[in-house]
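*Asks:* For reference, the chains in residue letters:
4 protein chains.
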Amino acid sequence: MSRISYIENMEDWAASFTFTHEVKVRFSETDMFGHLNNTVPFTYFEEARIEYFKSLGFMQDWVHDESGAIPVVADLQCDFLQQMFFNDKVLIQVKAAKIGNSSADIHYLGKKEDGSICLTGRGTVVQINKATGKPLVWTEEMKQLMDKQNPVRK
Amino acid sequence: MSRISYIENMEDWAASFTFTHEVKVRFSETDMFGHLNNTVPFTYFEEARIEYFKSLGFMQDWVHDESGAIPVVADLQCDFLQQMFFNDKVLIQVKAAKIGNSSADIHYLGKKEDGSICLTGRGTVVQINKATGKPLVWTEEMKQLMDKQNPVRK
Amino acid sequence: MSRISYIENMEDWAASFTFTHEVKVRFSETDMFGHLNNTVPFTYFEEARIEYFKSLGFMQDWVHDESGAIPVVADLQCDFLQQMFFNDKVLIQVKAAKIGNSSADIHYLGKKEDGSICLTGRGTVVQINKATGKPLVWTEEMKQLMDKQNPVRK
Amino acid sequence: MSRISYIENMEDWAASFTFTHEVKVRFSETDMFGHLNNTVPFTYFEEARIEYFKSLGFMQDWVHDESGAIPVVADLQCDFLQQMFFNDKVLIQVKAAKIGNSSADIHYLGKKEDGSICLTGRGTVVQINKATGKPLVWTEEMKQLMDKQNPVRK
Numbered sequence: 405m406s407r408i409s410y411i412e413n414m415e416d417w418a419a420s421f422t423f424t425h426e427v428k429v430r431f432s433e434t435d436m437f438g439h440l441n442n443t444v445p446f447t448y449f450e451e452a453r454i455e456y457f458k459s460l461g462f463m464q465d466w467v468h469d470e471s472g473a474i475p476v477v478a479d480l481q482c483d484f485l486q487q488m489f490f491n492d493k494v495l496i497q498v499k500a501a502k503i504g505n506s507s508a509d510i511h512y513l514g515k516k517e518d519g520s521i522c523l524t525g526r527g528t529v530v531q532i533n534k535a536t537g538k539p540l541v542w543t544e545e546m547k548q549l550m551d552k553q554n555p556v557r558k
Numbered sequence: 405m406s407r408i409s410y411i412e413n414m415e416d417w418a419a420s421f422t423f424t425h426e427v428k429v430r431f432s433e434t435d436m437f438g439h440l441n442n443t444v445p446f447t448y449f450e451e452a453r454i455e456y457f458k459s460l461g462f463m464q465d466w467v468h469d470e471s472g473a474i475p476v477v478a479d480l481q482c483d484f485l486q487q488m489f490f491n492d493k494v495l496i497q498v499k500a501a502k503i504g505n506s507s508a509d510i511h512y513l514g515k516k517e518d519g520s521i522c523l524t525g526r527g528t529v530v531q532i533n534k535a536t537g538k539p540l541v542w543t544e545e546m547k548q549l550m551d552k553q554n555p556v557r558k
Numbered sequence: 405m406s407r408i409s410y411i412e413n414m415e416d417w418a419a420s421f422t423f424t425h426e427v428k429v430r431f432s433e434t435d436m437f438g439h440l441n442n443t444v445p446f447t448y449f450e451e452a453r454i455e456y457f458k459s460l461g462f463m464q465d466w467v468h469d470e471s472g473a474i475p476v477v478a479d480l481q482c483d484f485l486q487q488m489f490f491n492d493k494v495l496i497q498v499k500a501a502k503i504g505n506s507s508a509d510i511h512y513l514g515k516k517e518d519g520s521i522c523l524t525g526r527g528t529v530v531q532i533n534k535a536t537g538k539p540l541v542w543t544e545e546m547k548q549l550m551d552k553q554n555p556v557r558k
Numbered sequence: 405m406s407r408i409s410y411i412e413n414m415e416d417w418a419a420s421f422t423f424t425h426e427v428k429v430r431f432s433e434t435d436m437f438g439h440l441n442n443t444v445p446f447t448y449f450e451e452a453r454i455e456y457f458k459s460l461g462f463m464q465d466w467v468h469d470e471s472g473a474i475p476v477v478a479d480l481q482c483d484f485l486q487q488m489f490f491n492d493k494v495l496i497q498v499k500a501a502k503i504g505n506s507s508a509d510i511h512y513l514g515k516k517e518d519g520s521i522c523l524t525g526r527g528t529v530v531q532i533n534k535a536t537g538k539p540l541v542w543t544e545e546m547k548q549l550m551d552k553q554n555p556v557r558k
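Residue numbers (the numbering used here), protein chains in the order written: chain E, 405 to 558; chain C, 405 to 558; chain Y, 405 to 558; chain X, 405 to 558.
Hints may contain errors.
[Unchecked claim] List time: in silico DSS-like cross-link candidates among lysine-lysine, alpha-carbon distance up to 27 Å:
id, chain 1, residue 1, chain 2, residue 2
1, X, Lys493, E, Lys516
2, Y, Lys534, X, Lys493
3, C, Lys428, Y, Lys493
Keep in mind the hints are simulated off the structure, nothing from the lab.
Produce the complete structure using the sequences and hints provided.
*Replies:* This is the structure:
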């Protein structure tokens, strides 16, 4: 049991990620309380999510494609389990926990070097047509690629 | 009914705020998709929350007090209902929706100049002792001050 | 005499600004040394420069015009004369110190509420054609508008 | 000859760096003009400067030392020679071009993956006593360490 609504069992949940991206806390990302400012992990989530989508081959299309498809974030949330400090290495893990027609529920896990969890998070990403703003359904290939990265789902 | 878990009825919820802080979308806060980057509203929430706490007289203590009390954000979330663009004025409204012993559930509402809602959000703020990291209970005065700002609670 | 290469006489220089834009140091802009992080004033310069150009009527064209003209920053520098802290109000003043064919040398002055100078800066802005990347000459009207804001130049 | 005041000969200058730190342009660091926002390279300079000082063993003292010595940036400047875009890898090189009693003139060079120069910069770093704000002279060891990293100076 977990007090975090999107995590049923923390151990199982944490074990279900396969994609990892490392970030390092910049000096400019700290604040006068001496720790990482709490607005910054959302930047880490974005960076890790993009690396995840790049690893699936999606990002190239979204940035350069003529189809005009882009991903937008519909909602985003973060639970701060531990403070982070200047120079900390943080491993951000990413997975697609649920895949809809044109959206996906993306989960995030942040670990310190000692393996302890400092961040958890989730948020909905929707693929839209940039010109019309309307949702664009995932292709079957896209769905399979997101699914493949997630061993628990099989 | 609302699809957002922390909002029961959007109209009632939106009408329940009394504190407002205005921000304006900076050029440097846009991204290559041409709109406000989705990591930035968390900065707006922080700025507005601090102005809210300042209006209650809390911030002065937290920054300068010898007691070593500081507020930390335990979790934070945002729903992006509308895109925002460079130069948009956004009114960020803040209230304490629930007040615990040493924590408070802070709600956020972002409105464009035309009155339409572009952002909603919430997050738990906990008052802790900076040195020990342990929760510090609110004084009765603090609770009353947070409560007074919230007309629906009465 | 001034130790800063782009300022001949600090008093005269400081008196020559007519455009002012106010910013306030955000909590998220401080760092673990307890003061405003030194990368942030460049954001203030950008914000104030854009407000300055908006006051001249330039920005509207740059963001929406079909001509494809955009301003780019060719170089930027800042001298940090005093530390700034959370919640400080800083008045950022802007002027076009020199106007070239397609570029302008923009100067910046940052003052605290007590009138003391905390920041000085300068940088070249060039108007280019976004598609070709080539410089685009200012119209006579643009030159006159920039010149009018600068009383010392007459 | 170079149009940039702190660079006498670009080729010689560019060849004189030995310390390199790699950064990658984040999506959140782009702006609506589609490229890296010009306020961001100062963050890259800070990150690379800190990695440079860490490589010399200085940073540990500055962050944790009881002596209360901290480095502050007295001035900082950047010349933007080429646009940078989302996902670009940029190699930031750092050296101490001149070493004073308690300050150093730090130079910066940014290169794209193809070896072309996209950024140059410089700025004065001063070691001060955090409590008094007064300059603190470098130890002989510190001077030698900064000097060793700079092959042209010998």
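*Asks:* Compare the structure with each hint and give your call.
*Replies:* Cross-check of the supplied hints:
For the hint linking X:Lys493 to E:Lys516, the alpha-carbon distance of about 25 Å falls within 27 Å, and the restraint holds. In summary, the hint linking Y:Lys534 to X:Lys493 is supported, as the alpha carbons are separated by about 23 Å, within the 27 Å threshold. Proposed proximity of C:Lys428 and Y:Lys493 is supported: the alpha carbons are some 16 Å apart, at most 27 Å.
Consistency with the previously given hints is maintained throughout, with no hint failing.
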